[in-house]
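Chemist: Going line by line, the protein sequences match chains A and B.
All residue numbers for the first sequence refer to UniProt numbering, where the first residue is 1 and numbers rise by one.
All residue numbers for the second sequence refer to UniProt numbering, where the first residue is 1 and numbers rise by one.
Quick caveat, the hints were computed from the structure, so don't treat them as lab data.
Heads up, some of the hints might be wrong.
No copy labels: a pair is met if it fits in one copy or bridges any two.
To be verified - Taking lysine-lysine and the DSBU-like style, the derived pairs with C-alpha atoms no more than 35 Å apart in a straight line are:
#1 234 with 137
#2 137 with 330
#3 236 with 106
#4 110 with 87
#5 330 with 266
#6 110 with 236
There are 2 protein chains.
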Amino acid sequence: MKSRQIQLTAYPKGEPGPDHFNLVEVDLPKPGDGQVLVANRWLSVDPYMRGRMSGMRTYVDPFPLNGPMEGGAVGEVIESRSDQLKKGDWVQSMNGWRDAYVSDAKGLQKIDTSILPPQAYLGIAGLTGMTAYVGLKRIIGLKEGETVWVSAGAGAVGSASIQFAKAMGAKVVATAGGADKVNYCKSIGADGAVDYKATDNLAKSVREAAGGGVDAYFENVGGSHWTAALEVLKPKGRIAACGMIQRYNDASAQPIPDNLTNIVAKSLKIEGFIVIDHMDLLGEFIQDLSGWMMAGKVTGEETVREGLGEMPNAFLGLFKGENLGKMLVKL
Amino acid sequence: MKSRQIQLTAYPKGEPGPDHFNLVEVDLPKPGDGQVLVANRWLSVDPYMRGRMSGMRTYVDPFPLNGPMEGGAVGEVIESRSDQLKKGDWVQSMNGWRDAYVSDAKGLQKIDTSILPPQAYLGIAGLTGMTAYVGLKRIIGLKEGETVWVSAGAGAVGSASIQFAKAMGAKVVATAGGADKVNYCKSIGADGAVDYKATDNLAKSVREAAGGGVDAYFENVGGSHWTAALEVLKPKGRIAACGMIQRYNDASAQPIPDNLTNIVAKSLKIEGFIVIDHMDLLGEFIQDLSGWMMAGKVTGEETVREGLGEMPNAFLGLFKGENLGKMLVKL
Numbered sequence: 001m002k003s004r005q006i007q008l009t010a011y012p013k014g015e016p017g018p019d020h021f022n023l024v025e026v027d028l029p030k031p032g033d034g035q036v037l038v039a040n041r042w043l044s045v046d047p048y049m050r051g052r053m054s055g056m057r058t059y060v061d062p063f064p065l066n067g068p069m070e071g072g073a074v075g076e077v078i079e080s081r082s083d084q085l086k087k088g089d090w091v092q093s094m095n096g097w098r099d100a101y102v103s104d105a106k107g108l109q110k111i112d113t114s115i116l117p118p119q120a121y122l123g124i125a126g127l128t129g130m131t132a133y134v135g136l137k138r139i140i141g142l143k144e145g146e147t148v149w150v151s152a153g154a155g156a157v158g159s160a161s162i163q164f165a166k167a168m169g170a171k172v173v174a175t176a177g178g179a180d181k182v183n184y185c186k187s188i189g190a191d192g193a194v195d196y197k198a199t200d201n202l203a204k205s206v207r208e209a210a211g212g213g214v215d216a217y218f219e220n221v222g223g224s225h226w227t228a229a230l231e232v233l234k235p236k237g238r239i240a241a242c243g244m245i246q247r248y249n250d251a252s253a254q255p256i257p258d259n260l261t262n263i264v265a266k267s268l269k270i271e272g273f274i275v276i277d278h279m280d281l282l283g284e285f286i287q288d289l290s291g292w293m294m295a296g297k298v299t300g301e302e303t304v305r306e307g308l309g310e311m312p313n314a315f316l317g318l319f320k321g322e323n324l325g326k327m328l329v330k331l
Numbered sequence: 001m002k003s004r005q006i007q008l009t010a011y012p013k014g015e016p017g018p019d020h021f022n023l024v025e026v027d028l029p030k031p032g033d034g035q036v037l038v039a040n041r042w043l044s045v046d047p048y049m050r051g052r053m054s055g056m057r058t059y060v061d062p063f064p065l066n067g068p069m070e071g072g073a074v075g076e077v078i079e080s081r082s083d084q085l086k087k088g089d090w091v092q093s094m095n096g097w098r099d100a101y102v103s104d105a106k107g108l109q110k111i112d113t114s115i116l117p118p119q120a121y122l123g124i125a126g127l128t129g130m131t132a133y134v135g136l137k138r139i140i141g142l143k144e145g146e147t148v149w150v151s152a153g154a155g156a157v158g159s160a161s162i163q164f165a166k167a168m169g170a171k172v173v174a175t176a177g178g179a180d181k182v183n184y185c186k187s188i189g190a191d192g193a194v195d196y197k198a199t200d201n202l203a204k205s206v207r208e209a210a211g212g213g214v215d216a217y218f219e220n221v222g223g224s225h226w227t228a229a230l231e232v233l234k235p236k237g238r239i240a241a242c243g244m245i246q247r248y249n250d251a252s253a254q255p256i257p258d259n260l261t262n263i264v265a266k267s268l269k270i271e272g273f274i275v276i277d278h279m280d281l282l283g284e285f286i287q288d289l290s291g292w293m294m295a296g297k298v299t300g301e302e303t304v305r306e307g308l309g310e311m312p313n314a315f316l317g318l319f320k321g322e323n324l325g326k327m328l329v330k331l
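Given these sequences and hints, build the entire structure.
Modeler: What follows is the structure, given as structure tokens:
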């Protein structure tokens with residue numbers, strides 16, 4: 001059997017162009033014992049992929065030249081020689097940028113498409129959404145009627161957090177940089193939103209937008225936001241500090257909070273977390289999320305292109321602002 | 001009936017002396033409905049009392065001149081017209097500096113002298129011990145075999161924390177200022193102790209004393225200790241930040257930690273607390289403590305003087321270092 005895949009022809013310097021990609025037909029082996037043949041139905045393109053096209057090792061290896069690239073994908077099992085997966089099952093994998101593949105079944109994650117559309121697992125039902133859910137549900141322990149401040153509200157985790165917190169019955173104040181992002185936060189449900197670049201007293205602005213102190217703070221930013229959070233949190237307030245480590249590389253250049261004594265004075269609780277440590281919540285998350293999506297409380301906004309050949313354009317479109325929400329390619 | 005009490009004759013400037021105190025005999029009324037007559041058996045003297053002798057309002061009113069002073073006391077009910085307390089019951093109160101008093105029963109806390117000696121309730125079984133217990137048990141959630149760093153290890157809360165943590169089966173590293181205090185920490189069970197005044201790299205010294213990183217940090221100090229703690233804590237480490245607010249008055253003059261990103265990088269948990277919010281643990285605390293004391297694992301060290309007339313000397317002795325552990329007067 002044949003499979004088609006997109007390969008990288010050269011490591012681009014500066015902006016990549018269509019010439020750096022090539023659509024190639026390759027032979028697929030027959031599935032062996034314990035293996036399955038999967039036809040991909042949805043492929044993900046993400047900004048982080050640019051890093052793997054640089055030819056230099058960062059925190060993962062670069063993509064190979066003239067070989068298969070990786071990326072998020074969901075597909076359907078069309079042939080199985082495994083006890084764990086049967087024909088018709090849907091699976092999630094990192095075997096993107098191609099229309100089909102053969103793999104050991106144990107390396108694939110089976111997904112439940114009866115409660116969520118399959119492509120949701122590449123966006124709001126993926127690790128991004130799960131990070132927002134873990135932060136609000138387990139780390140903060142958000143309760144109905146409480147007020148939560150979500151920083152970086154227009155970002156991937158932030159925008160999921162705003163919607164989830166509203167679905168949980170909380171009041172949400174978001175912060176983001178710039179008027180467009182502030183408006184976006186409001187459009188997805190934030191009760192109030194503050195442009196942190198347009199205020200010289202972040203704590204005061206958040207307090208005004210919240211109509212008082214906040215019960216919890218979802219930390220995605222660092223620096224001056226910490227100081228403001230320790231200021232604006234009510235007694236027994238909680239901070240969830242999200243494990244987006246790469247954002248913290250230049251933390252030493254940021255302002256340092258000088259009001260840590262508030263941790264004691266107000267009995268605050270601060271907890272850093274990494275989503276991978278909390279995957280036991282996955283089932284509960286998918287259940288809550290599907291309920292919220294069916295009730296129209298949460299929308300995983302998508303921009304969809306069609307056909308494997310559109311992958312390079314979809315990817316390049318990310319850098320031209322062509323997407324609203326998650327950019328996907330449907331096969 | 002007559003009662004004898006110590007009264008303050010003048011607000012001392014600088015060091016108080018015996019002349020500032022007067023032993024006076026006063027008339028006690030007969031107990032009315034719902035009231036009890038209590039004979040004090042043990043009285044507490046504490047450094048904080050000096051603040052109430054200044055004549056200026058701090059966080060509580062100053063002691064009156066030529067009137068009854070306050071202080072921790074445990075005594076025995078010798079006459080009762082209350083349903084809540086009967087003759088022979090032991091009670092804890094702030095009606096110290098006197099040998100007997102009449103009070104509404106509802107303002108008194110009954111204590112169980114079958115499991116702990118009554119005077120323990122003025123020391124290790126009082127709020128000081130309870131603070132240590134809440135910090136280790138609930139805030140940190142200390143487990144057997146873990147390593148905990150206790151700061152201010154020679155202080156009231158710190159020395160209780162060292163003993164309780166050892167009784168819980170943990171390894172303990174203490175920090176304190178000066179060789180004498182370091183030796184004291186070791187004498188009550190600390191596996192390692194560091195003189196923070198004698199090191200220019202606190203994190204490194206604690207790590208050496210602990211034989212590696214620590215699982216938890218009991219914060220009583222602030223400033224540079226925070227920075228070192230964020231450095232020396234292992235992944236998933238916990239910090240209990242103890243609500244001794246008065247120590248934090250000059251916090252703005254202390255070094256500010258520049259490594260808060262470790263909270264995220266190591267998934268740390270930090271929680272400030274005030275003991276009064278956790279009094280539901282009191283029963284469990286008294287039970288654990290009595291077991292530990294009977295097993296000889298915890299000793300509430302005491303220095304005992306005898307007779308009401310010794311109260312001024314016992315109090316003045318606090319400032320001359322005449323006590324080891326809790327200073328008490330037995331009546």
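Chemist: To test your reading of the hints: which numbers does this structure violate?
Modeler: 5
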